[in-house]
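Those protein sequence lines, which keep their order, are chains A and B.
Just so we're aligned, residue 1 is where the first sequence starts under the working numbering, counting upward by one.
Just so we're aligned, residue 1 is where the second sequence starts under the working numbering, counting upward by one.
Source of the hints: derived by calculation from the structure; they are not laboratory data.
Don't take each hint at face value.
Unchecked claim - Straight line, CA to CA, 25 Å or less: simulated PhoX-like cross-link-like pairs of lysine-lysine:
# : chain 1 : residue 1 : chain 2 : residue 2
1 : A       : K261      : B       : K261
2 : B       : K319      : A       : K227
3 : A       : K319      : B       : K226
4 : A       : K319      : B       : K227
5 : B       : K319      : A       : K226
6 : B       : K181      : B       : K106
7 : A       : K319      : A       : K226
8 : B       : K181      : A       : K261
Stated by the list, open to error - Here are the in silico distance ranges between beta carbons for each label pair:
#  : chain 1 : residue 1 : chain 2 : residue 2 : range
9  : B       : Q300      : A       : Q300      : 18 to 26 Å
10 : B       : E292      : A       : G31       : 38 to 46 Å
11 : A       : K23       : B       : E133      : 49 to 57 Å
12 : A       : Q300      : B       : G31       : 45 to 53 Å
13 : B       : D79       : A       : Q148      : 30 to 38 Å
14 : B       : K319      : A       : Q8        : 54 to 62 Å
15 : A       : Q300      : B       : N41       : 17 to 25 Å
16 : A       : N41       : B       : E292      : 25 to 33 Å
17 : B       : Q282      : A       : A144      : 39 to 47 Å
As the list claims (entries may be wrong) - If you want a taste of the chain B side facing chain A, the calculated C-beta under 8 Å gives, among others:
#  : residue
18 : R224
19 : Q300
20 : V306
Glycine included, each C-beta is placed from N, C-alpha and C at the ideal position.
Protein chains: 2
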Amino acid sequence: MIPTIEWQENYVRMVDQRKLPRKVEWVTCRGYKDVIRAIQNMVIRGAPAIGVAAAMGMALGARSIRVKDPQAFIKRLQDIGRRMRDARPTAVNLRWAVERMLSLAKEYADRPAQEIKERLQEESQRILNEDIESNRTMGRNGAALVPQGAVILTHCNAGALATGGYGTALGVIRAAHERHKDIRVIADETRPWLQGLRLTAYELMADGIPVSVIADNAAGSLMRQKKIDLIITGADRIAANGDVANKIGTYQVAVLARTHKIPFYVAAPVSTIDPTLPNGDQIPVEERDPREIHTLGQTQLGPPQVIALNPAFDITPSKYVSAIITEKGVIRPPYRRAIRALF
Amino acid sequence: MIPTIEWQENYVRMVDQRKLPRKVEWVTCRGYKDVIRAIQNMVIRGAPAIGVAAAMGMALGARSIRVKDPQAFIKRLQDIGRRMRDARPTAVNLRWAVERMLSLAKEYADRPAQEIKERLQEESQRILNEDIESNRTMGRNGAALVPQGAVILTHCNAGALATGGYGTALGVIRAAHERHKDIRVIADETRPWLQGLRLTAYELMADGIPVSVIADNAAGSLMRQKKIDLIITGADRIAANGDVANKIGTYQVAVLARTHKIPFYVAAPVSTIDPTLPNGDQIPVEERDPREIHTLGQTQLGPPQVIALNPAFDITPSKYVSAIITEKGVIRPPYRRAIRALF
Numbered sequence: 001m002i003p004t005i006e007w008q009e010n011y012v013r014m015v016d017q018r019k020l021p022r023k024v025e026w027v028t029c030r031g032y033k034d035v036i037r038a039i040q041n042m043v044i045r046g047a048p049a050i051g052v053a054a055a056m057g058m059a060l061g062a063r064s065i066r067v068k069d070p071q072a073f074i075k076r077l078q079d080i081g082r083r084m085r086d087a088r089p090t091a092v093n094l095r096w097a098v099e100r101m102l103s104l105a106k107e108y109a110d111r112p113a114q115e116i117k118e119r120l121q122e123e124s125q126r127i128l129n130e131d132i133e134s135n136r137t138m139g140r141n142g143a144a145l146v147p148q149g150a151v152i153l154t155h156c157n158a159g160a161l162a163t164g165g166y167g168t169a170l171g172v173i174r175a176a177h178e179r180h181k182d183i184r185v186i187a188d189e190t191r192p193w194l195q196g197l198r199l200t201a202y203e204l205m206a207d208g209i210p211v212s213v214i215a216d217n218a219a220g221s222l223m224r225q226k227k228i229d230l231i232i233t234g235a236d237r238i239a240a241n242g243d244v245a246n247k248i249g250t251y252q253v254a255v256l257a258r259t260h261k262i263p264f265y266v267a268a269p270v271s272t273i274d275p276t277l278p279n280g281d282q283i284p285v286e287e288r289d290p291r292e293i294h295t296l297g298q299t300q301l302g303p304p305q306v307i308a309l310n311p312a313f314d315i316t317p318s319k320y321v322s323a324i325i326t327e328k329g330v331i332r333p334p335y336r337r338a339i340r341a342l343f
Numbered sequence: 001m002i003p004t005i006e007w008q009e010n011y012v013r014m015v016d017q018r019k020l021p022r023k024v025e026w027v028t029c030r031g032y033k034d035v036i037r038a039i040q041n042m043v044i045r046g047a048p049a050i051g052v053a054a055a056m057g058m059a060l061g062a063r064s065i066r067v068k069d070p071q072a073f074i075k076r077l078q079d080i081g082r083r084m085r086d087a088r089p090t091a092v093n094l095r096w097a098v099e100r101m102l103s104l105a106k107e108y109a110d111r112p113a114q115e116i117k118e119r120l121q122e123e124s125q126r127i128l129n130e131d132i133e134s135n136r137t138m139g140r141n142g143a144a145l146v147p148q149g150a151v152i153l154t155h156c157n158a159g160a161l162a163t164g165g166y167g168t169a170l171g172v173i174r175a176a177h178e179r180h181k182d183i184r185v186i187a188d189e190t191r192p193w194l195q196g197l198r199l200t201a202y203e204l205m206a207d208g209i210p211v212s213v214i215a216d217n218a219a220g221s222l223m224r225q226k227k228i229d230l231i232i233t234g235a236d237r238i239a240a241n242g243d244v245a246n247k248i249g250t251y252q253v254a255v256l257a258r259t260h261k262i263p264f265y266v267a268a269p270v271s272t273i274d275p276t277l278p279n280g281d282q283i284p285v286e287e288r289d290p291r292e293i294h295t296l297g298q299t300q301l302g303p304p305q306v307i308a309l310n311p312a313f314d315i316t317p318s319k320y321v322s323a324i325i326t327e328k329g330v331i332r333p334p335y336r337r338a339i340r341a342l343f
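Could you build all of it, start to finish, from the sequences and the hints given here?
Following this line, the structure appears as C-alpha cells:
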C-alpha cells in the first residue's frame with residue numbers, strides 16, 4: 001500500500017485522498033498550517049490518520065518557533081496545538097495526539113529548543129509506528145470474531161489510508177484474510193465522499209481480498225436476504241459508555257444489523273476512546289459544506305440553490321454495538337466498566 | 001412543471017430525466033422501439049410514467065403495423081406488447097398498460113385497422129389523463145394523514161416526473177402544501193441515480209415547497225434526532241399481501257421508521273398493485289449495470305475493474321407499511337383483505 005503520511009527530510013507528505021484512486025498525488029506540508037488545511041480539506045482523513053497528521057503538524061509547528069525561552073516556547077506550541085485540535089471537531093485522536101505532543105514538550109521544557117524539536121519529531125514518528133502496531137494487534141484480536149467464509153459489510157474507509165497503515169476495520173479484515181478465512185467484503189460506497197468506493201475497494205483490491213461495492217441504499221436489502229454475516233466499521237470517537245461516533249450512515253447500518261440479528265463490531269485503537277464524555281450525545285458532530293452533496297468536482301448535480309444537510313458523522317448508541325475491538329483486547333457490554341478497565 | 005411525456009403530431013416526446021435538472025432536453029420516440037429504449041435507459045422512469053410510456057409506445061407500434069387482417073394485426077400488436085412489457089421487469093404498471101391496450105385492440109378487432117390505431121392513441125392519452133387524475137385524488141386522500149407543520153422524508157422521486165403529472169408521494173406532499181399545512185420535505189438523494197437530489201428537489205423547489213436534500217446515509221440519524229415526522233414513498237409494484245417493491249433503499253428507510261416509531265406511508269395508484277403475486281418475494285428485482293455505481297458521466301469514481309452490485313429495487317414487507325394511499329382510498333393492514341376489496 002501507498003503510505004498514508006510520512007515525514008520527509010524537512011516536510012511531511014500525505015497522499016491526497018480526495019483524488020484516489022484516479023490519481024496518486026502527494027500534498028507537501030512544510031508548516032503546521034499546511035497540515036491543518038490538509039485535515040480540514042480531507043486530503044487526509046480517518047481518525048487515527050489525522051491523529052498522526054496532527055502529531056507531525058505539531059512537530060513542524062515546533063520547528064517554526066523562533067523563541068528560545070522555554071516558557072515562551074511552550075506557550076507558542078500550545079497556541080499551535082489549539083489550532084491543530086480545532087481543525088476538525090469529531091475525531092478525538094486529533095486532541096489526543098496534540099496533548100501527547102504537548103506533554104512531551106513540557107517534559108523536556110528545560111532542554112534546548114533544538115532538542116525539544118527533535119524529540120517532538122521522533123514522538124510523531126513513534127505515534128505513527130505505534131498506530132500501525134496497534135492496528136496489527138487489533139487485527140489479531142478481531143480476526144477471532146470472523147467465521148470461516150464470512151461475508152463482511154464495512155462502511156466508509158477504516159483502512160490503511162485512515163490510519164498509519166494496515167487499518168482498524170480493514171485491519172481485522174486483512175488479518176482474517178491472512179489467516180485464510182476465505183472472506184468476502186461488501187463495501188458501502190459511503191456518500192457523500194465515496195470513501196468505500198474510492199478507498200476501501202482500492203485497498204482491498206490491492207491486497208487481493210474479494211470486494212464488491214454497493215450503494216449505501218442496498219445494505220438493508222442484502223441483510224434481509226441473509227447475504228451479510230457480520231459488520232465491522234471504524235470509529236471517530238467512542239464515549240465512556242461505548243456510544244460510537246463514526247461516518248454518517250454507520251448508525252443506520254447498526255440498527256439494520258440489530259433488526260437482522262447480525263453482529264455489528266467496531267474496531268478502534270484506545271486513542272479513539274474519549275473517557276471524558278459520559279455518552280455519545282456529547283460528541284460534537286461536524287456539519288460539512290453542502291456542496292459535498294450536490295456537486296461532484298466541477299459538476300453541479302442538483303438544482304441551483306438546492307439546500308443540503310451534510311452531517312459528516314452520526315452517533316451509534318452502544319446498545320447496537322456487539323463488541324469493540326481494540327489493541328488491548330475485545331470489549332463487550334457493559335461498556336462503561338470495560339472501558340474504565342482499559343484506562 | 002415540465003410535462004413528463006406527451007403525444008405530439010406523430011411522435012411521442014419525453015423530457016430526458018437523466019439530464020435534469022441541468023438540461024431540459026427532449027427525446028423523440030417515433031416508433032415503439034424508441035420507447036422501449038427510453039424506458040430501459042431511464043430517459044423516463046417511475047412506475048406510473050413508464051406505464052404511460054408503454055401505452056403510447058403501443059399506440060406508436062400499432063401505427064407501424066401494415067397488415068390489414070384483424071387477427072394478424074392483433075398478433076403483431078401482441079408481439080410488440082411482449083417486447084414492451086419486458087423493457088424493465090419490476091414496475092407492474094408496464095404490464096398493466098400493455099394489457100389494457102391489447103384488450104382495447106381486441107375489443108375493436110372487427111373494425112378497420114385505421115380505427116383501431118386511432119382508438120389506441122386515444123386510449124394512451126386517456127391512461128395519461130387518468131393517471132394525473134388519480135394522483136390528485138391520491139393527494140387528497142393522503143393529505144389527511146399529514147399533520148400541520150410536519151417534516152416529511154421521501155425517497156427517490158415519486159413526483160410529477162415519475163407519473164403522468166402531479167405525483168404519487170409528491171402528490172400527497174403537494175396536496176398537503178396546497179392545504180397550507182406548512183410542511184417541510186427532506187429528500188434522500190437516492191443513489192445511484194440521485195433522483196431525490198436531481199428530480200424531487202427540482203420539482204419541489206419549482207412549487208415553492210421547502211426541501212432539503214441529504215445523503216441516504218443521514219436518514220437514520222435524522223430519525224434518531226426526531227427530525228422526521230413521517231415518511232412517504234411511491235411504489236413500483238405492490239403484492240397481494242401489501243409487500244412493496246420500490247427504489248433500492250426504501251426497505252431500510254421503512255425498517256428505520258419502525259425502529260423510531262415514525263409512520264411509513266406508500267402512495268401508489270391501484271395500477272401498481274399486482275394481485276397475482278401472493279407476496280413481495282415473487283416480485284422480480286432488476287439488477288442494473290454496475291457502472292451506475294462506479295462511474296458518473298465520463299468519470300470513473302472507483303478503482304478500474306471494481307465490482308459493484310446494483311439492485312435497482314428492494315422489497316419492503318407489508319408489516320413495515322403503516323398505510324397505502326391509493327386513488328380509491330387509504331388502506332391499512334391487514335392488506336390482503338383490503339387489496340382484495342379494491343379489485
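Verification of the hints:
| no. | hint | result |
| --- | --- | --- |
| 1 | A:K261 <-> B:K261 | holds, 19 Å |
| 2 | B:K319 <-> A:K227 | holds, 21 Å |
| 3 | A:K319 <-> B:K226 | holds, 19 Å |
| 4 | A:K319 <-> B:K227 | holds, 21 Å |
| 5 | B:K319 <-> A:K226 | holds, 19 Å |
| 6 | B:K181 <-> B:K106 | violated, 47 Å |
| 7 | A:K319 <-> A:K226 | holds, 22 Å |
| 8 | B:K181 <-> A:K261 | violated, 39 Å |
| 9 | B:Q300 <-> A:Q300: 18 to 26 Å | holds, 20 Å |
| 10 | B:E292 <-> A:G31: 38 to 46 Å | holds, 43 Å |
| 11 | A:K23 <-> B:E133: 49 to 57 Å | holds, 53 Å |
| 12 | A:Q300 <-> B:G31: 45 to 53 Å | violated, 35 Å |
| 13 | B:D79 <-> A:Q148: 30 to 38 Å | violated, 51 Å |
| 14 | B:K319 <-> A:Q8: 54 to 62 Å | holds, 59 Å |
| 15 | A:Q300 <-> B:N41: 17 to 25 Å | holds, 22 Å |
| 16 | A:N41 <-> B:E292: 25 to 33 Å | holds, 28 Å |
| 17 | B:Q282 <-> A:A144: 39 to 47 Å | holds, 41 Å |
| 18 | R224 | holds, 6 Å |
| 19 | Q300 | holds, 7 Å |
| 20 | V306 | holds, 5 Å |
Comparing the model with each earlier hint shows violations of hints 6, 8, 12, 13; every other hint is respected.
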